[in-house]
Amino acid sequence: RDALLTTSVNCVTSFFSGFVIFSVLGYMANKHQVSIEDVATEGAGLVFIIYPEAIATLPGSTFWAILFFIMLLTLGIDSAVS
1 RDALLTTSVN
11 CVTSFFSGFV
21 IFSVLGYMAN
31 KHQVSIEDVA
41 TEGAGLVFII
51 YPEAIATLPG
61 STFWAILFFI
71 MLLTLGIDSA
81 VS
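Counting from 1, one number per residue, gives the positions in the sequence shown under the UniProt record's numbering.
Among the clues, some could well be false.
[As the list claims (entries may be wrong)] SDA-like mimics (lysine to any residue), calculated; alpha carbons at most 25 angstroms apart, straight line:
1. Lys31 to Val20
2. Lys31 to Phe19
3. Lys31 to Thr6
4. Lys31 to Val47
5. Lys31 to Phe68
6. Lys31 to Phe16
[Claimed, not checked] Per label pair, the in silico range of CB-to-CB distance:
7. Gly26 to Thr6: 29 to 35 angstroms
8. Phe16 to Ile49: 33 to 39 angstroms
9. Ser8 to Thr74: 20 to 26 angstroms
Hint data in this document are derived by calculation from the structure and do not stem from the laboratory. Think of the CB as a built atom: it goes at the ideal place given N, C-alpha and C, for glycine as much as any other residue.
Could you put together the complete structure from these sequences and hints?
So, in structure tokens, the structure goes:
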């Protein structure tokens, strides 16, 4: 039962993250009047381009940006330790 719940939550989270990234990519392409291929880059560097752009449009963006980069820092430390 726990395995099914864990895999289901992982699947939903992955789908939601993909939806967010491609929505912001479309927004950025429309904003700069370029194609999505010109906006998108490959690899882990995408997280440093897409999410900060999305966070900048939120109210209280400074707070959310600090939380986001602290989360990235803790994920990096976790990956380095394990």
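For each hint, the structure was consulted:
Distance check on the hinted pair: Lys31 and Val20 sit about 16 angstroms apart at the alpha-carbon level, within 25 angstroms; holds. Note on Lys31 and Phe19: the hinted pairing holds, with a Cα-Cα distance of about 18 angstroms set against a maximum of 25 angstroms. Distance check on the hinted pair: Lys31 and Thr6 sit about 37 angstroms apart at the alpha-carbon level, beyond 25 angstroms; violated. Annotation: proposed proximity of Lys31 to Val47 holds, straight-line Cα distance about 19 angstroms (limit 25 angstroms).
Only pairs whose Cα atoms come within 25 angstroms are accepted, and Lys31 paired with Phe68 is accepted, the gap being roughly 23 angstroms. For a cut-off of 25 angstroms, the pair hint linking Lys31 to Phe16 stands: about 22 angstroms separates their Cα positions. A C-beta distance of roughly 31 angstroms is found between Gly26 and Thr6, which places it inside the suggested range of 29 to 35 angstroms. Checked against the given bound of 33 to 39 angstroms, the beta carbons of Phe16 and Ile49, roughly 19 angstroms apart, lie outside it.
Evaluation of the 20 to 26 angstroms hint for Ser8 and Thr74 yields a pass: the beta carbon distance comes to about 24 angstroms.
Comparing the model with each earlier hint shows violations of hints 3, 8; every other hint is respected.
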